[in-house]
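Visitor: Each chain, letter by letter, is given below.
There are 2 protein chains.
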Amino acid sequence: MIRVGIAGYGNLGRGVESAITQNDDMELKAVFTRRDPAALKIAAQGVPVVSLADAEQWKDRLDVVIICGGSATDLPAMTPALAKHFNVVDSFDTHANIPLHYANVKKAAGDAGHTAVISAGWDPGLFSIARIYATAALPVGENYTFWGPGVSQGHSDAVRRIEGVADARQYTLPVPEAVERVRAGENPALSVREKHTRLVYVVAKEGADRARIENEIKTMPNYFDEYDTTVNFITAEEMKRDHSGLPHGGSVIRSGSTALGDRHTVEFSLSLQSNPQFTAGVLAACARAAVRMNSRGETGCFTMADIRPADLLNMTGEDIRAHMI
Amino acid sequence: MIRVGIAGYGNLGRGVESAITQNDDMELKAVFTRRDPAALKIAAQGVPVVSLADAEQWKDRLDVVIICGGSATDLPAMTPALAKHFNVVDSFDTHANIPLHYANVKKAAGDAGHTAVISAGWDPGLFSIARIYATAALPVGENYTFWGPGVSQGHSDAVRRIEGVADARQYTLPVPEAVERVRAGENPALSVREKHTRLVYVVAKEGADRARIENEIKTMPNYFDEYDTTVNFITAEEMKRDHSGLPHGGSVIRSGSTALGDRHTVEFSLSLQSNPQFTAGVLAACARAAVRMNSRGETGCFTMADIRPADLLNMTGEDIRAHMI
Numbered sequence: 001m002i003r004v005g006i007a008g009y010g011n012l013g014r015g016v017e018s019a020i021t022q023n024d025d026m027e028l029k030a031v032f033t034r035r036d037p038a039a040l041k042i043a044a045q046g047v048p049v050v051s052l053a054d055a056e057q058w059k060d061r062l063d064v065v066i067i068c069g070g071s072a073t074d075l076p077a078m079t080p081a082l083a084k085h086f087n088v089v090d091s092f093d094t095h096a097n098i099p100l101h102y103a104n105v106k107k108a109a110g111d112a113g114h115t116a117v118i119s120a121g122w123d124p125g126l127f128s129i130a131r132i133y134a135t136a137a138l139p140v141g142e143n144y145t146f147w148g149p150g151v152s153q154g155h156s157d158a159v160r161r162i163e164g165v166a167d168a169r170q171y172t173l174p175v176p177e178a179v180e181r182v183r184a185g186e187n188p189a190l191s192v193r194e195k196h197t198r199l200v201y202v203v204a205k206e207g208a209d210r211a212r213i214e215n216e217i218k219t220m221p222n223y224f225d226e227y228d229t230t231v232n233f234i235t236a237e238e239m240k241r242d243h244s245g246l247p248h249g250g251s252v253i254r255s256g257s258t259a260l261g262d263r264h265t266v267e268f269s270l271s272l273q274s275n276p277q278f279t280a281g282v283l284a285a286c287a288r289a290a291v292r293m294n295s296r297g298e299t300g301c302f303t304m305a306d307i308r309p310a311d312l313l314n315m316t317g318e319d320i321r322a323h324m325i
Numbered sequence: 001m002i003r004v005g006i007a008g009y010g011n012l013g014r015g016v017e018s019a020i021t022q023n024d025d026m027e028l029k030a031v032f033t034r035r036d037p038a039a040l041k042i043a044a045q046g047v048p049v050v051s052l053a054d055a056e057q058w059k060d061r062l063d064v065v066i067i068c069g070g071s072a073t074d075l076p077a078m079t080p081a082l083a084k085h086f087n088v089v090d091s092f093d094t095h096a097n098i099p100l101h102y103a104n105v106k107k108a109a110g111d112a113g114h115t116a117v118i119s120a121g122w123d124p125g126l127f128s129i130a131r132i133y134a135t136a137a138l139p140v141g142e143n144y145t146f147w148g149p150g151v152s153q154g155h156s157d158a159v160r161r162i163e164g165v166a167d168a169r170q171y172t173l174p175v176p177e178a179v180e181r182v183r184a185g186e187n188p189a190l191s192v193r194e195k196h197t198r199l200v201y202v203v204a205k206e207g208a209d210r211a212r213i214e215n216e217i218k219t220m221p222n223y224f225d226e227y228d229t230t231v232n233f234i235t236a237e238e239m240k241r242d243h244s245g246l247p248h249g250g251s252v253i254r255s256g257s258t259a260l261g262d263r264h265t266v267e268f269s270l271s272l273q274s275n276p277q278f279t280a281g282v283l284a285a286c287a288r289a290a291v292r293m294n295s296r297g298e299t300g301c302f303t304m305a306d307i308r309p310a311d312l313l314n315m316t317g318e319d320i321r322a323h324m325i
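From first to last, the protein sequence lines are chains Y and S. Our numbering puts the first residue of the first sequence at 1, with every later residue one more than the last. Our numbering puts the first residue of the second sequence at 1, with every later residue one more than the last.
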C-alpha cells in the first residue's frame with residue numbers, strides 16, 4: 001500500500017481524499033493543514049489532521065505527499081520545503097514560472113534523495129502530454145489549445161474583487177467556429193479574441209452600480225480586455241442553484257502534414273463535471289509514479305513528460321501488455 | 001544525428017523514409033529488403049539498399065532499425081533476429097500475441113544489450129497510451145475504442161481472396177449514435193454490430209456472380225459476419241479514382257465517475273489522410289526514444305507504455321518545460 005499524505009485541504013485536497021478511495025493500492029495516512037488542525041473536519045474516517053509545521057515528524061510514515069495549494073504563493077514555498085522530507089506531487093500551473101519552480105524543487109528533492117512531480121493535472125498535465133505526443137508523431141504542424149466550457153476560478157476571483165460585487169462566476173467558452181476550423185485542418189492564425197469568449201454571472205450588492213461593474217469587468221487588463229465578454233446579473237439564489245459546480249474541460253488539437261502532403265489531425269479532449277475532482281485523480285496517479293520512480297533511484301524533479309505511462313497505472317506490466325496495449 | 005535503418009520497403013517503410021525527412025536529428029543510412037536490392041528503387045537519394053541477409057554487417061553503422069513488416073509472419077521472426085544486432089522499433093499489431101512477441105524480443109534484445117520498442121504506432125501505440133492515461137486518471141469507468149472512418153487493409157485483402165473479385169477496398173465506419181452515447185457518458189453495453197459497420201467496394205471480374213460474392217463477403221466468419229456490411233460493386237476506374245488512399249483514424253473514449261459522483265469524459269481522436277504515413281511518424285519518434293533509452297542502459301523490450309513522453313521529442317528538457325508543459 002502506498003501511504004499518502006495530503007498537504008492543503010481545499011477543493012483539490014478534498015478531491016485527492018476522494019481519489020484515494022478509488023485507488024486500491026493507496027491509503028490516506030495524514031492531512032496537513034496551515035489551519036488549526038483541531039478545527040478542520042475532513043471526510044476520511046480516522047485519518048489524523050496535522051499542523052503543516054509538524055509535517056517533518058511524518059517523514060518515515062508516508063511514501064508521498066500530494067500538495068494541494070495555490071500556484072501564486074503556496075506551492076513555490078511548500079513544494080521545495082516538503083520535498084526535503086517526502087516524495088511529493090503538485091499541480092503548479094503558472095506556465096511561465098515552471099522553469100524556476102522546477103529548479104527550486106529539483107535542488108530540494110535531489111539533495112534529499114526524493115522524487116518530485118510538479119505541474120501535474122490536466123493543463124499543465126494531460127494537455128502537456130497530448131501536445132508532446134502529437135508533436136512527436138507529427139513534427140510539422142501547429143498545436144492549438146482550447147479551454148472550456150468551464151469555470152475559471154482565477155477570473156471568478158478577479159470579478160469578486162470589484163466593488164459592489166457580492167459573488168461571481170466566470171465561464172471560459174471556446175469559440176465553436178475556431179474549434180471547427182482547427183479540426184478541419186485549416187491551421188488558422190487565431191487571435192485571443194477569436195479563440196475564446198467569456199461569460200460572467202454576477203450577484204451585485206444592493207444599490208451597486210451595475211453599469212460600472214459591467215464596464216470594470218469588460219475592461220479589466222489581461223483578464224477580460226482582450227475577449228468578448230458577456231455579463232449577466234443574477235440573484236444569489238440563482239447563483240447557488242445554477243452555478244455551484246466547477247465544471248471544466250477543453251481540447252488540445254494538432255493539425256499538420258507528413259512529408260508527402262497528407263494531412264492529419266490529433267485531438268485530446270476532456271469534459272469534466274468537476275475540475276478539482278478530476279485533477280485529483282491525475283495527482284493520485286502521479287503519486288504512484290513518484291513512489292515507483294523513487295524506488296528505482298530516479299530522484300530529483302520531474303513533470304508528466306518524464307513519467308512512463310505504465311508507472312501511472314495500478315497494473316503490472318504483464319497486465320498492461322495483455323489488456324491495455 | 002541518429003543513424004536509422006529501415007527493414008522492409010512497403011507502404012510503411014516508405015512512410016518512415018519520408019518521416020525521417022521531417023526529423024532534423026535523424027538520417028536514413030540504409031534500407032534492408034528481402035527483395036533483390038538491385039531491383040528496389042527507393043525515394044531517398046544516395047541511400048544504399050541492402051539485402052536483409054547482410055544486415056548484420058551494418059551493426060556498427062546504425063543506431064536503430066525501424067522494422068516495417070507485417071504482423072502475421074514477418075515481425076515475429078524479423079524483430080527478434082534484428083534485435084540481436086540493433087536497437088529496433090516495430091509496429092506489431094496482433095493484440096492477442098503481444099505478450100508472446102514481447103517475450104521473444106525481450107530475450108533477443110536483452111541478451112545483446114539492445115533496446116527494442118514493439119507495437120508502436122497508433123493502435124497499438126497512441127491509442128494504448130490514451131487508454132492508459134485515461135484509466136490512470138479515472139480508475140472507475142469504461143474504455144471504448146472506435147475505429148474509422150478508414151481503410152482496413154486486412155479486410156480488403158480478405159475480400160480480394162474471394163473468387164471473382166479483381167480488387168476490393170473495405171472501410172470500417174464507427175456507428176455515430178454509438179459514439180455519441182459514449183461521449184455523453186452513458187457507458188452503454190455495445191455489441192460488435194452496434195459499434196461499427198463495414199462498407200466494401202468491389203471490382204468484380206467479368207462474368208463473376210455478384211450475388212455470390214456479396215453473400216460470401218457478408219457471411220465471412222470473424223471478418224464480416226458480426227457486422228452490418230454494405231457491398232458496392234464499382235469499376236476499376238472508380239476504384240483507382242476514389243479509393244486509392246489509405247485514410248484511417250478513430251477515437252478512444254473513457255467515461256467514468258469520481259468518488260463524489262461527478263462524471264467525466266476523456267477522448268483521444270485521430271483523423272489521418274494516410275495511415276502508413278502517420279504511423280511512420282510515430283515509429284520515428286519511438287526510434288529516437290529507443291536510442292536515448294539504450295544510451296542510459298535501459299535495454300530489453302518495451303512498449304510505448306514504458307517510454308517517457310519527453311524521450312519521443314527532438315527537444316531538450318528545458319525547452320519542453322518552457323514551451324510544451
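Hints are computed from structural coordinates only; laboratory data are not their basis. Glycine residues also receive a C-beta, built at the ideal position from the N, C-alpha and C atoms. You may find that some hints are simply not true.
Over 10 Å on every C-beta distance to chain S, these chain Y residues come out as not near it, computed from the model [to be verified]:
(1) V50
(2) Q153
(3) S244
Here are the computed lysine to aspartate or glutamate pairs in the DMTMM-like style, where the Cα-Cα straight-line distance is at most 20 Å [to be verified]:
(4) S:K218 - S:D262
(5) Y:K41 - Y:D25
(6) S:K107 - Y:E318
(7) Y:K205 - Y:D157
(8) Y:K106 - S:D123
(9) Y:K84 - Y:D63
(10) Y:K107 - S:D319
(11) S:K84 - S:D74
(12) S:K195 - S:E177
(13) S:K84 - S:D123
(14) S:K218 - S:E318
(15) S:K106 - Y:E318
(16) S:K107 - Y:D319
(17) Y:K218 - Y:E194
(18) S:K205 - S:E177
(19) Y:K240 - Y:D157
(20) Y:K107 - S:E318
(21) Y:K106 - S:E214
(22) S:K106 - S:D157
(23) Y:K240 - S:E163
(24) S:K195 - S:E206
(25) S:K240 - Y:D262
(26) S:K106 - Y:D319
Visitor: Which numbered hints are broken by the structure, listed smallest first?
Guide: 4, 5, 8, 13, 14, 18, 21, 22, 23, 24
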